[in-house]
Amino acid sequence: MSSRLPWGNRRATPAEEVPLPREREPGELPLVAAVTMARDEGAMIRRWAQHYIRELGAENVFVIDDHSSDGSTDDLGCTVLRYPYLRKYNFEVSRIGILNGLSSSLLYAYDAVLFADADEFVVADPQRHAGLRQFVATTEGRDAVGVMGFNVVHDLERESALDFDRPFLEQRRFAKFVQLMCKPSLKWNRIDWGRASHGIKCPYQIDDDLIMFHMKFADLDQLKASAANRHALNQGENRAKGTSWEQSGDSMVAILEQINADLDPEAVKRFRPRQELVDGIVQVRGDLWKAVGDGQVVAMRKRPFARIPERFASLV
0 MSSRLPWGNR RATPAEEVPL PREREPGELP LVAAVTMARD EGAMIRRWAQ
50 HYIRELGAEN VFVIDDHSSD GSTDDLGCTV LRYPYLRKYN FEVSRIGILN
100 GLSSSLLYAY DAVLFADADE FVVADPQRHA GLRQFVATTE GRDAVGVMGF
150 NVVHDLERES ALDFDRPFLE QRRFAKFVQL MCKPSLKWNR IDWGRASHGI
200 KCPYQIDDDL IMFHMKFADL DQLKASAANR HALNQGENRA KGTSWEQSGD
250 SMVAILEQIN ADLDPEAVKR FRPRQELVDG IVQVRGDLWK AVGDGQVVAM
300 RKRPFARIPE RFASLV
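Residue numbering for the sequence shown follows numbering that gives the first Met the number 0, starting at 0 and increasing by one per position.
Where hints are given, some of them may not hold.
The following label-pair restraints were derived from C-beta to C-beta distances [unchecked claim]:
1) Asp74 with Arg284: 35 to 45 Å
2) Arg310 with Ala260: 28 to 38 Å
3) Pro25 with Tyr84: 45 to 55 Å
4) Arg269 with Ala129: 20 to 30 Å
5) Ala260 with Glu309: 23 to 33 Å
6) Arg53 with Leu80: 38 to 48 Å
7) Glu27 with Arg284: 30 to 40 Å
Hints in this document: simulated from the structure, not taken from any laboratory.
No residue lacks a Cβ here, since even glycine has one placed at the ideal position from N, Cα and C.
Please construct the entire structure, taking both the sequences and the accompanying hints into account.
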């Protein structure tokens, strides 16, 4: 007898007949799940798990292991869902289908689901929120919300390699705002993500209280190793066509070095996440709403540096 997953092959919408959830008790915080998909991410996936376990609780953190072979998903302290090699469909169809299916099922138990790649660390601005669950409690009533996307940058002249046993932002001072990284990372309803989770099938706004620190460019050695791994997957398995995965490890290091050539620490201003910075970024493309702008590599070359405020130092 064949069985069918409850979400099937269709897109769930808010208009479906779904019973209203129970009302929470006064003072009860919403239950939030964090999800990622990872393959051979080394030490970064351990830090990802630690971050979201601290924010949301170990039982509410889910790592989809895409056939890792480096042992990085062992003993993470959270739920690890181990998948076989994804060969039935192409990678992006498989990846987004798995993410949408899992998040839709989780929303029968959770008030909201957050998806972030293994090098993406989402935090609520500590000036206004005590944590991610508190942020979710103050922003309910939306279908989804976008993050303020900042790429953290390794200052090659003045900063050493990252110590993965210390908070990252105690070791890094600079970042660049990247429009394309203002992803709809947090959602309350069973609405599908698309375009590698850069888009979603409903209108959304970017919230300047929700910051995503992307660690791709935060460490030269990590960048080289990660880029080499992704380049091999791009070339060997045709993954992530048309993205920075097409760049080799050496190419990505050269880009980081070019970015550093324009870094004058004394001239860098403190970044102030603010709404006018993101007005007009989210646009509809077909049936998806997504942040538009320069690709990551172009944006990293063009965008100005910003100084990361000290209030974030212990959060990532």
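Hints, verified against the model:
1. For the pair Asp74 and Arg284, the beta carbons lie near 40 Å from each other, so the given range of 35 to 45 Å is met.
2. Checked against the given bound of 28 to 38 Å, the beta carbons of Arg310 and Ala260, roughly 29 Å apart, stay inside it.
3. Distance hint check: the CB atoms of Pro25 and Tyr84 are about 48 Å apart, consistent with the given range 45 to 55 Å.
4. For Arg269 and Ala129, the hinted distance range of 20 to 30 Å is satisfied, since their beta carbons lie about 22 Å from each other.
5. For the pair Ala260 and Glu309, the supplied restraint of 23 to 33 Å holds, since their beta-carbon distance comes to about 26 Å.
6. Taking the beta carbon of each, Arg53 and Leu80 are about 21 Å apart, not inside 38 to 48 Å as hinted.
7. Evaluation of the 30 to 40 Å hint for Glu27 and Arg284 yields a pass: the beta carbon distance comes to about 38 Å.
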